[in-house]
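Now for the letters of each chain:
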Amino acid sequence: MKTTPIIGLEVHLELKTKSKMFCACSAQHFHIDPNTHTCPVCLALPGALPVPNQTALDYCVKLGLALNGRINRHSFFERKNYFYPDLPKGYQISQYQQPLSIGGHIKVGDRTIRINRVHMEEDTAKSIHQGGYVLIDFNRSGVPLVEIVSEPDLISAIEAKKYLNKIQQLVRYLGISDADIEKGSMRCEPTVNLKIQKDGKTYYTPLVEIKNVASLTGVQNAIDYEISRQLKAFRKTGQIKDDVNKTTHGWDADKKVTFLQRHKEGSSDYRYFPEPDIPPITYTQKQIDKIKKTIPELADAKIKKWKALKLSDYDANLLAQDQTLADLFGRTIKDSSGLDFIKGVANLINGPVRKCKNDFPQKSLKITPANLVLAVKAVLSDQISWTTAKENIYQSAKTGQNVIKLIKKKGQFQLSDTTKLEKIIKKVIAGNPKAVEDYKKNSNTIGFLIGQVMRASGGSANPQLVHQLLREQIN
Amino acid sequence: MDLNNLTISQIRQSLRQKKFSAVELVNAYLSRIKKIDPKIKAFITVTDSVALATAKKLDQKIKQGKKLGRLAGAVMAVKDIYLTKGIKTTAASQVLKNYIPPYSSTVYRRLIDQDAVLIGKTNTDAFAFGVSTENSGFFTTKNPWNLNIVPGGSSGGSAAALSANLCTFALGTDTGGSIRQPASFCGLSGIKPTYGRNSRYGITAMASSFDCPGAFARHVNDLALLTQVTAGADSHDATTSTTPVPDYPHLLDQTKLKSLKIGLPREYLSTGIDSQVKKLVLQAAATLKKQGASLINISLPSTDLSLAVYYVLVPSEISANMARYDGIRFGSSKKDTKNLLSHYMETRGKYMESELKRRIIIGTYALSAGYYDAYYTKAAKVRTLIKNEFATALTKVDVILAPVSPTPAWPIGEKVNDPLKMYMADVYTCPVNVAGLPSLALPCGFTDKKLPVGFQLIGNYFEETKLFSLGHQFQQLTDYHLKSPSL
Amino acid sequence: MSSLNLKSLRHTARLARIKLTPSEEKVFLKQLSSVIDYFKILKKANTKNIKPSFQIIDTANVVRQDIVAPSLSSDQVLATAPDTQDGYFRVKSPISK
Chain R
1 MKTTPIIGLE
11 VHLELKTKSK
21 MFCACSAQHF
31 HIDPNTHTCP
41 VCLALPGALP
51 VPNQTALDYC
61 VKLGLALNGR
71 INRHSFFERK
81 NYFYPDLPKG
91 YQISQYQQPL
101 SIGGHIKVGD
111 RTIRINRVHM
121 EEDTAKSIHQ
131 GGYVLIDFNR
141 SGVPLVEIVS
151 EPDLISAIEA
161 KKYLNKIQQL
171 VRYLGISDAD
181 IEKGSMRCEP
191 TVNLKIQKDG
201 KTYYTPLVEI
211 KNVASLTGVQ
221 NAIDYEISRQ
231 LKAFRKTGQI
241 KDDVNKTTHG
251 WDADKKVTFL
261 QRHKEGSSDY
271 RYFPEPDIPP
281 ITYTQKQIDK
291 IKKTIPELAD
301 AKIKKWKALK
311 LSDYDANLLA
321 QDQTLADLFG
331 RTIKDSSGLD
341 FIKGVANLIN
351 GPVRKCKNDF
361 PQKSLKITPA
371 NLVLAVKAVL
381 SDQISWTTAK
391 ENIYQSAKTG
401 QNVIKLIKKK
411 GQFQLSDTTK
421 LEKIIKKVIA
431 GNPKAVEDYK
441 KNSNTIGFLI
451 GQVMRASGGS
461 ANPQLVHQLL
471 REQIN
Chain U
476 MDLNNLTISQ
486 IRQSLRQKKF
496 SAVELVNAYL
506 SRIKKIDPKI
516 KAFITVTDSV
526 ALATAKKLDQ
536 KIKQGKKLGR
546 LAGAVMAVKD
556 IYLTKGIKTT
566 AASQVLKNYI
576 PPYSSTVYRR
586 LIDQDAVLIG
596 KTNTDAFAFG
606 VSTENSGFFT
616 TKNPWNLNIV
626 PGGSSGGSAA
636 ALSANLCTFA
646 LGTDTGGSIR
656 QPASFCGLSG
666 IKPTYGRNSR
676 YGITAMASSF
686 DCPGAFARHV
696 NDLALLTQVT
706 AGADSHDATT
716 STTPVPDYPH
726 LLDQTKLKSL
736 KIGLPREYLS
746 TGIDSQVKKL
756 VLQAAATLKK
766 QGASLINISL
776 PSTDLSLAVY
786 YVLVPSEISA
796 NMARYDGIRF
806 GSSKKDTKNL
816 LSHYMETRGK
826 YMESELKRRI
836 IIGTYALSAG
846 YYDAYYTKAA
856 KVRTLIKNEF
866 ATALTKVDVI
876 LAPVSPTPAW
886 PIGEKVNDPL
896 KMYMADVYTC
906 PVNVAGLPSL
916 ALPCGFTDKK
926 LPVGFQLIGN
936 YFEETKLFSL
946 GHQFQQLTDY
956 HLKSPSL
Chain L
963 MSSLNLKSLR
973 HTARLARIKL
983 TPSEEKVFLK
993 QLSSVIDYFK
1003 ILKKANTKNI
1013 KPSFQIIDTA
1023 NVVRQDIVAP
1033 SLSSDQVLAT
1043 APDTQDGYFR
1053 VKSPISK
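Residue numbers (the numbering used here), protein chains in the order written: chain R, 1 to 475; chain U, 476 to 962; chain L, 963 to 1059.
Okay, chain R solo, but in the shape it has when bound:
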C-alpha cells in the first residue's frame, strides 16, 4: 500500500496599510483599547457604505505578480453571507468569481508549488469567549486581508511548513505585510487528504480542512497528525472522498490532535453575489507594469547571486531572511569583492546587526554600509579583533555613531605595525633586563614583558604579534 499526502494551503495575510480596507479608520489593532478604531462602516451601522483602499488593492496586485500570477484586468467584489458576531454586516466583502490574481507558482526547495488565486477581502472583528459570552472588539473589523490559495501540490507536512516560510519571506520582502503568525497577521488553513494505492486501485480519502493552527510548527504537527489519522480511518472504514463529505477539524495544540468541529447547518451556503455598493476594479497593463517595477529583487535571486560569490548556503539564507538586512548587505558589498571581505560583512550583519535589530524592534537600525566597510577592513588589516568589531558594530547599529570613533575612544585599536612595535619592544627589553633573564630561564614568564609592551603602547598593541616579536628579539 502506497500513501501519498495531498496538501493544499490557504493563507490569509493582513496588509500593512495605514487605514482599513473599506473605511479610513486606522488599521492598527494590536494592543489598542477595544472598539476605539471603529466607524459606521466597519461597525456596520445602518446606512454605512464601503469604499475600497487603493493601496490595499495595489498590494494584492504586487503579491499576485510576485507569485507569477495573471492579474485580472477586470475584477469585482462579492458578498459572502453568513452570521457570526465578529462579522458585523452579516456578510464579508470578498472576491469569488473574478479575483484580482489568477494562477501563479512559487519554488519550495526543488519543487514548484502552483498557486490557484490571490484575492482581496476584509478581516473580521476579534472575539473572546468568556463565561458563556462572546466579547467582541471591532478594531480589527475591516482590516485588509489577502488570501492566497495554493493548488493541492504539497506532499508533506514539512514541505507545507517550508511553503509557509517562503510566503512569509516573500510578503515581508514586498513590504506588504508583517506576516507574523503570533500577532495574527498571517493565518494558515491546510486542507489534507491522502492518495492511497492498494492492490492496483487508487483511493482518495475525504478532504479535511484544519482550522486554529497558531504557529508554523503547529501547522506541521497538525498536518502530520491528520495524515496518520486519515490513514488509520481509511484502514478501518475505507471511506473515500465525495462531493459532500469534506469536513472541518480544529487543531488542539495542547492535546496535539485534530477533532471534528460540529457541522454548522447550511454554513457552506454563502449565497455569493456581486457587491452592488462597489463598482468593478480594472487595472491597465501600464498600471500593472508600474506596480511590477516596485517589486524588489526577491530572496531566491539574492541567495543565488551570493552563493555564486562563494558565500556559504547557511550565511546566504540567513542574510536573505530579513529584507532590510539583505538589502544592507547588497549595498555594502556592491563596490567590493574579495571573499574575506564579503564573508566579513556577512558575519557582522548576521551577528551583531541582526542582534541589535531583534533587541530593539521598535527602533530603526542606524547601521550604515560605510561603517560596516570600515569595521571589516580594520579586522582584515589586523587593526582590531573580530570581538572588537562585533561589539562596536552593535553599538553603531544602535546609535549611529561612527565605528572607528567608537573604537578609538575605547582605545581598542591593536597596534600591528611591526616597525613601531619593534621600537617599543626594543625599549621594553632594554628597560627590563631582569624580566628578560627570567624569560630566558622560563618561557612562561613572558606575560610580564607582554604586559609592559601593552602598557607602553597604550593597550593597543596586538598581543599575539607582541608575543611573536618579543620572542624573536630576545632569541
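Please note: incorrect hints may appear among the correct ones.
Stated by the list, open to error - Okay, the calculated bits of chain R under chain U, using three or more residues with CB under 8 Å as the criterion:
| no. | segment |
| --- | --- |
| 1 | 27-36 |
| 2 | 76-90 |
| 3 | 206-219 |
To be verified - To list a few chain L residues with every Cβ distance to chain U over 10 Å, as calculated:
| no. | residue |
| --- | --- |
| 4 | L968 |
| 5 | R976 |
| 6 | P984 |
| 7 | K988 |
| 8 | D1028 |
| 9 | V1030 |
| 10 | P1032 |
| 11 | Q1047 |
| 12 | D1048 |
| 13 | G1049 |
What the hints assert, rightly or not - Which stretches of chain R does chain L cover? Using the computed rule of at least three CB atoms under 8 Å from a CB of chain L, they are:
| no. | segment |
| --- | --- |
| 14 | 12-23 |
| 15 | 135-141 |
| 16 | 440-449 |
Please keep in mind that the hints were generated in silico from the structure rather than gathered at the bench.
We treat Cβ as the ideally placed atom computed from N, Cα and C, and that holds for glycine.
We have chain R; now place chains U and L onto it with these hints.
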C-alpha cells in the same frame, strides 16, 4: 400670507425682508402639526426643540446680516430611514425603535448646511419595504385627502406631511416607486433622480442597486433647487456619480415644448389601468401636445417582466442588507436567550415586521444554492433587457410620459393580506428603478372621489434638467399642484 | 424553479436567522409560494448572449487613498449596544462542544 404654504424661495426672501422670523415660521408649523397630525399621523418624531434651536440660530444670522444658506428657513420633514445624528431614527420598525445614530446621512447634512430646518421624522413602511405605509411597525399614516385611504408608500409619511402643509418640503427614497407613488396619491410633485445622483450614505439600505434618495415639494422649482443642493459625488458612497450637477433652478426654461417628442408606452396604457387614471394621464399628455409637443407611441415589451425582475433582485439585496440587524451592536435585542443561535433567531423573529421577514426570506431563497442561476442571474439578465429597451425608446423620443399607479389610492386595509397584490402596485414605477433612470412625478387631476392622480416624466440618465424644465412648464399650464386638502 | 414547501421555508428562515412562529409559517408558506411562483414568468425571457446587470452604473475604480481619518469614540460606539462588558460588545456564546 399662509406661512404653511410658501415655496422655499418665498421663505428665504421673506426672512431677509424680515416679514417674519424663522422662529415664527417654525411655530406656525409646530402648531399646525399639533392640530392636524393626530388625524393623519405623518410623524414618528416631531423635533420641536431641534427646530426651534435651528430657527433661533438662523434668526441670529439674519440679525447679524450674515450670508444665509440657499434653503434658509425651509422646514423639512425627513423620512425616518435617513440617519440624523443624535436624533432618534427608527426606520419605522421595532428593530430600531430606540435607535439614536452617531452620524448623519450625507443628503440630510447637505440640506442642513444650507440652513434648512428639521421639523420631524416621518412614518414609512418599516425599512421602506412597502407601497402604502401600512407596513410601518408603529402605525398607519392616513391620506390627508381622505382619512380612510392610504397615502401611498413607502414614503407615505413625508407625502402626507407635505400634503397637509405640515412642512415646506419633504425627503423620501424611491426604490420601486416610493416617492412617485405617494406623491401622486397625495397630489404632490416628487423627484426620483438618476441612480447615483444623490448619495445613499446614512440611509438604511434597502436594495443597494435600486435605492434613490429624493424629495417631495409642491412646486417643481423647489425640487430643482433641492436636487441641486443634495446631488453630487460623495466620497462615502462609491456608487455616486461624478457627472457635474447642472444649475437646475436656472435652467427651468431650457427644454422647448415645441417639437418635443413625448413617448407613450403602450404597455402602460392598455390593460390593468383604471379608466379614470388613464383619462387624467392622457389629459396631461394632451396639455403638453397643445404647446407643440408630439405624442409618439412606443413599446417597452419587457414591461410585464419588470415586476418579477424587481421582486427577485430587490429582496436578494435586502436579505444581505438586513443581516446587520442582529441586536449586538445596536437595535432591539431579545434578552435571556439560550445561546448565540437563539439570540439571532429570536431577536430577528421577535422585532422584525412581517414584510421584513417576507422579503428577507424571498431574497435568501433566490440566492441560495441551487436557485441562484435560475432566479438571481436570470433576473439580472432580464434587467439588462429592460435597460436596453428604455435606451432604445429614448433614442426615438425625448422623454417618456406614463402613469405612476394603475389605480388611485386604495382604502386602508384593503391589500394588507395579499403581498403579491401589493407588489403589483409598482408595475409602472419599478421598471424605472430597474433601469436606474430619473423620473419626475406630477399631479394631473382628481378622480370623481376627489383622490389625486399623478403621472411621471421619465428621462435618460442625468437628464433631470429636462424633467424639471418640462415639469415647471406643465405647472404653469395647470393648477393641480396648488390644491391642498381641507383638514 | 420549484415552489416553496414547508421544509425549504424552514431551511431558508434558518439560513436567514429568523424564527417563525407556526402561524407565520402557515401564512408565509401561502404568501411566499405565490410570489415565488410568480417568478416563473422570467423563464419566457430570451436572455441568450445577454450579460447580467448586477449594477446599473458605468463607473469603475472608485477608491480611496490610504489615509487615516478619526474614528468614532468607544463611548459613542458602545452607547447603542444592548449588552457590553469592559469596553467590548457582548452576546451569548454558541453552544460549547
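These are the hints, each one checked on the structure:
1. Counting residues of the segment 27-36 of chain R whose C-beta lies closer than 8 Å to any C-beta of chain U gives 0; at least three are required, and the coverage claim is violated.
2. For a cut-off of 8 Å, the count of residues in the segment 76-90 of chain R with a CB near a CB of chain U stands at 7, and the three-residue condition holds.
3. Under a criterion of three residues with beta carbons nearer than 8 Å to beta carbons of chain U, the stated coverage of the segment 206-219 of chain R fails, only 0 such residues being counted.
4. The non-interface label for L:L968 is consistent with chain U: the shortest C-beta to C-beta separation is roughly 13 Å, beyond 10 Å.
5. Annotated as non-interface, L:R976 brings its C-beta within 10 Å of a C-beta of chain U; the closest such distance is 8 Å.
6. The Cβ of L:P984 lies farther than 10 Å from every Cβ of chain U, with a closest approach of about 12 Å, so its non-interface assignment holds.
7. With a cut of 10 Å on Cβ distances, L:K988 stays outside the contact zone with chain U, its closest approach being about 13 Å.
8. No beta-carbon of chain U comes within 10 Å of the beta-carbon of L:D1028; the shortest separation is about 14 Å.
9. For L:V1030, the non-interface assignment is confirmed: its Cβ lies about 14 Å from the closest Cβ of chain U, beyond the 10 Å cut-off.
10. No Cβ of chain U approaches the Cβ of L:P1032 within 10 Å, the least distance being about 12 Å, so the stated non-interface status holds.
11. Chain U leaves L:Q1047 outside its interface by the beta-carbon criterion, the shortest separation being 13 Å against a cut-off of 10 Å.
12. At roughly 16 Å from the closest C-beta of chain U, the C-beta of L:D1048 stays outside 10 Å, upholding its exclusion from the interface.
13. With a least CB separation of 13 Å from chain U, L:G1049 remains clear of the 10 Å interface cut-off, as annotated.
14. Residues of the segment 12-23 of chain R lying with their CB closer than 8 Å to a CB of chain L number 3, which satisfies the three-residue condition for coverage.
15. For the segment 135-141 of chain R, the stated coverage by chain L holds: 4 residues have a C-beta nearer than 8 Å to a C-beta of that chain, and at least 3 were required.
16. Counting residues of the segment 440-449 of chain R whose beta carbon lies closer than 8 Å to any beta carbon of chain L gives 0, which falls short of the minimum of three for the stated coverage.
The structure fails hints 1, 3, 5 and 16 (numbered hints given earlier, in ascending order).
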